[in-house]
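Can you make the complete structure from the sequences, with help from the hints?
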Amino acid sequence: MSERPAGRPPRPAALVLDVLDTLFPLAPLEWRFREAGIPRVLMTRWSDHLLRDSFALALVGGDGADRSFEDVVRGALRDITGHQIAPSAEDVIVEGLAELDPRPEAEAALSAARGAGMPVAVLGDHDDALPRRLLERAGLLHLVEDVLAARPAGEWKPAPGAYRTAARSLGVAPERLALVTAHGWDVAGARNAGLVTGWSSHLEGRFPSVFAPPDVSGRDLTETVEGLLALPSGAPGLR
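Residue 233 in UniProt numbering is what sits at position 233 of the sequence shown, and the numbering runs on without skipping anything.
Only true hints are included.
Ranges of calculated distance between the beta carbons of each label pair, as one might list FRET restraints:
(1) G117 <-> R52: 36 to 46 angstroms
(2) S233 <-> R34: 46 to 56 angstroms
(3) L26 <-> R67: 16 to 26 angstroms
(4) D128 <-> P104: 18 to 28 angstroms
(5) R67 <-> E99: 22 to 32 angstroms
(6) A56 <-> L26: 12 to 22 angstroms
Since the hints were derived computationally from the structure, they do not count as laboratory data.
Glycine included, every Cβ here is placed at the ideal spot set by N, Cα and C.
Listed below in structure tokens is the structure:
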């Protein structure tokens, strides 16, 4: 585990944002589940299975770590339906992931970071095609310097390597990179890798008590990014 000095961390040199349920809410997939004939209550179970399986792959590695994000998405759908889901119904839901809309403050949050001269990237367990398509569809791709993918780099979040690979890609030390996310578990993973952490409460409401708190929190993405930008400046030239 990378240790940070006690107290508030310095202002980060770069920013990376989680994608699903942080920038792009999953809730609109509900109608896709209905269209596929899957009860609404199973959508939450699907999301839980998706996280469970991703965490397990992050922990155990091995042959299973080679599975794609889509493999895990489809596997979770089959598990929650007792393997009764038709391939065409799977397709309806998988295709819906590429048609999600961003949170209303997403553009303002990204613009605030870029306006402050901070490189901005996104990071998820999927390959880079999904977030790139979402950002392009939403007209936000020009605000992002890089689209990073933990899974093709051989890691699943919240394994520390996923976050450290993002730092290397952006040319900064882990302690100079900040993660913005709506997931408490993502904060814990990033903190374990030495990153500065920003948590938006729009998804979970309260930060999970089992984890150490984030360095910065906000009611939405804009407030969280502004909190990170307001951190004290570090040593000149530190990267």
